[in-house]
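Enquirer: As a plain string of letters, each chain reads:
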Amino acid sequence: MRQSLATRIFLYASVILTCAMLIFPIYWLVVTALSQPDQLRQLPPKFWPDEPRWSVFGKILEERPIFLWLGNSALAAMGAVTISMVVSVLAGYSLSRFRVRGGQSLGLFILTAKMLPATLLVIPLFGIFRMTGLIGSMWSIILAHATLIIPFTTWMLKGYFDTIPRELEQAAMVDGCSPWGALYRVILPVSAPGLAATALYGFVLSWSDYAYARTFLTNAQGNWTANLGITTMKGEYISNWADISAASILVALPILAIYLFLERYLVGGLTAGSDK
Amino acid sequence: MAQIVIDQVRKSYGALHVLKDFSLDIADGEFVVLVGPSGCGKSTMLKILAGLAEASSGTIRIGGRDVTDLAPGDRDIAMVFQNYALYPHLTVASNMGFGLKMRGTPAEVIDRRVKEAARILDVEHLLERRPRQLSGGQRQRVALGRAIVREPAAFLMDEPLSNLDAKLRSICVPRSERSIKGLA
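These protein sequence lines map, in sequence, to chains A and B. Take 0 as the starting number for the first sequence in numbering that gives the first Met the number 0 and just add one per residue. Take 0 as the starting number for the second sequence in numbering that gives the first Met the number 0 and just add one per residue.
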């Protein structure tokens, strides 16, 4: 009994400590945003500014085209996710259902593509986009983000389709559907939570990209995404960290809103009841 | 209902021969049960009949037509799966009418046939529910109803009662037999 109490205390302490470590940067971001810029480096640090500068958000919105940047990030993410979902639904479904010679190797190839970082691929992609004249256009990052997202979403969807019983497609085919019809009319509706979760994951991957945006869009100010826009707020010698923090918070809010909105669609269990 | 002729069907998975020259004639309206130990090829034969698996050799004729190379949807068969395979995103009524809808049957005909089958199987009060809201026995009846509504040339059932408890089974066996024979 005593040992179990000690174990529980240890577990609770570990969890609280870990949560604190994870939440601290966000808390500090808020403190930094609300502080006067000249008070940021004082010792001992203040854990909450004396006069929180709530006006900083309004100031940032006036000075910087935050909405333009957010709009561009959203456009890039939606374009990339649309392309990725079309490709990875078909690829994931094929990997899940069909036993083709070389299929396993292809699957592993897609898996290893996951491990390639953006910084590795940015130069060859730059070369390709320069040849095709896409540098500076939103298409460059939409396509680049798609190459980032597809390996992840293919494997996520493959795993999800594996959990759907094959009898569902078989029943649909006995009922007169073609294999395409079975996919479209039965499997996709049943997979809605999995598709939503996968699309959200892809959206976040695209939203968080910096390397591709920095490389392909530097000279196209009208197409800057949010991450790129915020980076330009960093000065050569002096940076207004309070403003940068405030801008970062504004840019994080849409993703937070999307997560909160989509949370109920991410609940599984849609296939409950299809079988015994 | 139609005659089924299974002629010298073989099925091998590499070196494993599951079906060896299996032949069977089933008369119009006949009620046939395949029994045997696990792994002897009952489900495989059923899937080949349905068109969900390909025979290594041999032919299948349903109602005088050679269906060996036809898709499942073109064989005029209906199937009840061991795990029912009800469409979880559709209501019971839509589940039962799905096959007719795929064939372009007019909505009034679908509605009439679904209600008739639901009456026979005593699931009329469940028509607007989703599969996850049904008990095992109710799901089994809906799966049967989905097959009955199609009025196919042949019914194929893959261990449809194995997931029911003994008491339900004792009710459902004669009821299923009556329903199917009533249609024959």
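Hints listed in this document are in silico derivations from the structure and should not be mistaken for laboratory results. Note that CB positions come from ideal geometry on N, CA and C, so glycine has one too. Any given hint could be a false lead.
[Said to hold, decoys possible] Simulated coverage check for chain A against chain B, where a stretch passes if three residues somewhere in it have a Cβ under 8 Å from a Cβ of chain B:
hint, segment
1, 146 to 160
2, 183 to 193
[Claimed, not checked] The following residues of chain A were derived to be distant from chain B, with all beta-carbon distances above 12 Å:
hint, residue
3, P36
4, Q41
5, S93
6, L110
7, F125
8, C176
9, S177
10, G180
11, N226
12, L261
Enquirer: Is the claim that S93(A) lies outside the interface with chain B correct, judged by CB distances over 12 Å?
Expert: holds, 18 Å
Enquirer: Against chain B, does F125(A) hold up as non-interface, every C-beta pair farther apart than 12 Å?
Expert: holds, 44 Å
Enquirer: Minimum C-beta separation from Q41(A) to chain B exceeding 12 Å: can you confirm that?
Expert: Answer for Q41(A): holds, closest chain B Cβ roughly 59 Å.
Enquirer: With d taken as the least Cβ-Cβ distance between N226(A) and chain B, does d exceed 12 Å?
Expert: About 38 Å separates N226(A) from the closest Cβ of chain B, which puts it past 12 Å; holds.
Enquirer: For G180(A), is the shortest beta carbon distance to chain B beyond 12 Å?
Expert: For G180(A), whose nearest Cβ neighbour in chain B is about 7 Å away, the distance does not exceed 12 Å, so it is violated.
Enquirer: Against chain B, does P36(A) hold up as non-interface, every C-beta pair farther apart than 12 Å?
Expert: The assertion about P36(A) holds, with a minimum of 54 Å to chain B.
Enquirer: Are at least 3 residues of the segment 183 to 193 of chain A within less than 8 Å of chain B when you compare beta carbons?
Expert: holds (count 4)
Enquirer: Is the claim that S177(A) lies outside the interface with chain B correct, judged by CB distances over 12 Å?
Expert: violated, 7 Å
Enquirer: Hey, does L261(A) actually stay past 12 Å from chain B on C-beta?
Expert: holds, 18 Å
Enquirer: Count the residues of the segment 146 to 160 of chain A with a beta-carbon closer than 8 Å to any beta-carbon of chain B: does the count reach three?
Expert: Result for this restraint: violated, n = 0.
Enquirer: Would you assess whether L110(A), listed as outside the interface, keeps its beta-carbon beyond 12 Å of every beta-carbon in chain B?
Expert: holds, 27 Å
Enquirer: Does C176(A) really sit off the interface, with its C-beta more than 12 Å from all C-beta atoms of chain B?
Expert: violated, 6 Å
Consistency with the previously given hints fails for numbers 1, 8, 9 and 10, ordered from lowest to highest.
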